[in-house]
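Visitor: Sequence:
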Amino acid sequence: MGSAIKHFMELVEQAGTVFEVANTIRGLIENHWEFPKGIDQNVNNLKRKRDQLNGQKEDIESRIKSELRPRKKVKKEVDLWIENVKRINGEIPNLESKVRGSSFFSRGFLVKNVRKKEEEVEELLEKGRFSDDLVVNDLSWIGQVLPTPSLVVETVKRKKNEIMQHFRNDEVQKIGVYGMPGVGKTSAVTLVNNELLKGEIEFKIIVWVTVGRKCSVIELQNKIAKAMNVSISEDEDETLRAGMLSEILSEKGRFVLILDDVWERFSFEKVGIPESSKGKLVLTSRSLDVCRRMDCQVVKMEPLSNEDAWTLFSDKVGQNLMTSADLLPIAKSIVERCAGLPLVIVIVASSMRGEDNLPIWRNALAELNRKISEYYRC
Numbered sequence: 001m002g003s004a005i006k007h008f009m010e011l012v013e014q015a016g017t018v019f020e021v022a023n024t025i026r027g028l029i030e031n032h033w034e035f036p037k038g039i040d041q042n043v044n045n046l047k048r049k050r051d052q053l054n055g056q057k058e059d060i061e062s063r064i065k066s067e068l069r070p071r072k073k074v075k076k077e078v079d080l081w082i083e084n085v086k087r088i089n090g091e092i093p094n095l096e097s098k099v100r101g102s103s104f105f106s107r108g109f110l111v112k113n114v115r116k117k118e119e120e121v122e123e124l125l126e127k128g129r130f131s132d133d134l135v136v137n138d139l140s141w142i143g144q145v146l147p148t149p150s151l152v153v154e155t156v157k158r159k160k161n162e163i164m165q166h167f168r169n170d171e172v173q174k175i176g177v178y179g180m181p182g183v184g185k186t187s188a189v190t191l192v193n194n195e196l197l198k199g200e201i202e203f204k205i206i207v208w209v210t211v212g213r214k215c216s217v218i219e220l221q222n223k224i225a226k227a228m229n230v231s232i233s234e235d236e237d238e239t240l241r242a243g244m245l246s247e248i249l250s251e252k253g254r255f256v257l258i259l260d261d262v263w264e265r266f267s268f269e270k271v272g273i274p275e276s277s278k279g280k281l282v283l284t285s286r287s288l289d290v291c292r293r294m295d296c297q298v299v300k301m302e303p304l305s306n307e308d309a310w311t312l313f314s315d316k317v318g319q320n321l322m323t324s325a326d327l328l329p330i331a332k333s334i335v336e337r338c339a340g341l342p343l344v345i346v347i348v349a350s351s352m353r354g355e356d357n358l359p360i361w362r363n364a365l366a367e368l369n370r371k372i373s374e375y376y377r378c
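In this text, residue positions in the sequence shown follow the UniProt record's numbering: the first is 1, and each later residue adds one.
Please keep in mind that the hints were generated in silico from the structure rather than gathered at the bench. By construction, the Cβ of each residue, glycine as well, lies at the ideal position given by its N, Cα and C atoms. There may be inaccurate statements among the hints.
Beta-carbon label-pair distances, calculated as ranges [stated by the list, open to error]:
| id | residue 1 | residue 2 | range |
| --- | --- | --- | --- |
| 1 | E236 | R293 | 47 to 55 Å |
| 2 | A325 | K371 | 25 to 33 Å |
| 3 | N84 | I201 | 40 to 48 Å |
| 4 | A325 | V217 | 54 to 62 Å |
| 5 | I218 | P359 | 32 to 40 Å |
| 6 | K127 | E67 | 50 to 58 Å |
| 7 | R293 | E336 | 56 to 64 Å |
| 8 | K214 | S373 | 51 to 59 Å |
| 9 | E251 | I201 | 44 to 52 Å |
Take the sequences, apply the hints, and build the full model.
Guide: Spelled out as structure tokens, the structure:
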């Protein structure tokens with residue numbers, strides 16, 4: 001009798017389990033299954049709206065391309081919208097594949113998925129109607145357009161183009177521009193700075209520092225930090241300050257550091273300038289030895305050609321004066337004595353601008369000859 005009761009209770013328990021499973025299955029079907037009539041048409045509607053969304057995405061990307069400039073970046077909400085469009089473009093083919101490959105019963109579980117995905121696409125279509133600008137100012141971007149030098153001629157422009165070619169070479173990290181004083185090193189690198197700011201080659205920061213004679217490590221660190229609008233504690237020693245500066249430059253991403261008028265070799269490590277593929281260094285120096293010892297790709301600034309020298313002088317002194325048969329031979333002698341140095345040509349020509357007195361021109365030539373003689377005696 002006892003065993004019969006026990007067996008009966010087991011049957012009841014098993015029946016209860018079956019009922020629970022049945023209820024679970026019924027709840028699953030009631031909550032997640034729908035009659036799949038018309039689901040193929042729903043998928044086609046979803047794909048049509050997806051295509052419309054992709055057309056909207058192409059228009060947005062064209063607008064971004066036209067609005068994006070140096071010191072600008074894409075708005076975060078626009079970036080997120082584009083990422084969501086890319087995500088949903090990956091999800092729709094997977095959903096379509098499931099629908100196509102499922103049985104009639106299984107399709108019933110996908111009806112809500114198709115409808116939900118269609119609602120997502122509609123929401124993105126609505127959010128993608130951006131009426132305002134798609135870009136904002138990038139406050140993390142660092143760089144400054146510099147005044148265009150007054151002594152720019154073809155010789156200087158050619159050197160600018162040569163330097164820019166090294167910027168396009170990923171294997172070149174350090175560029176050294178050398179030449180005698182007044183030959184146009186700073187002018188060429190100024191043109192490079194302004195060209196880089198146009199954004200053809202993407203850099204996050206472009207920093208210009210004038211180094212000068214007898215610049216200590218700490219002084220150079222301070223100049224670089226100031227140019228980036230950051231501060232480094234004066235209380236720290238050189239090594240800790242170098243670590244801070246290196247970390248700041250590395251975190252900025254791709255950077256350009258232009259060091260003008262470098263007189264002596266220095267250690268990048270001691271200053272805190274990271275030598276990596278992310279950064280480019282340009283320095284100007286009077287010394288070829290400094291450029292070589294700092295392992296730079298060397299660019300030599302040559303004196304101006306006779307034609308460029310005369311063009312620069314005529315432009316600065318005034319073309320009307322150069323029509324005088326009396327002044328012309330003296331002017332040509334002055335240009336010749338300037339030895340193709342743009343800075344000297346500009347200084348002399350500017351001092352003589354508008355002057356048509358022949359004795360004054362002769363005195364200017366004599367004074368120039370005297371100063372040159374004194375220079376070579378020193």
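Visitor: Now, for every hint given, state plainly whether the structure supports it.
Guide: So, going through the hints one by one against the coordinates:
no., hint, verdict
1, E236 <-> R293: 47 to 55 Å, "violated (28 Å)"
2, A325 <-> K371: 25 to 33 Å, "holds (27 Å)"
3, N84 <-> I201: 40 to 48 Å, "violated (31 Å)"
4, A325 <-> V217: 54 to 62 Å, "holds (58 Å)"
5, I218 <-> P359: 32 to 40 Å, "violated (53 Å)"
6, K127 <-> E67: 50 to 58 Å, "violated (18 Å)"
7, R293 <-> E336: 56 to 64 Å, "violated (35 Å)"
8, K214 <-> S373: 51 to 59 Å, "violated (29 Å)"
9, E251 <-> I201: 44 to 52 Å, "violated (20 Å)"
Of the numbered hints listed earlier, those contradicted by the structure are 1, 3, 5, 6, 7, 8, 9.
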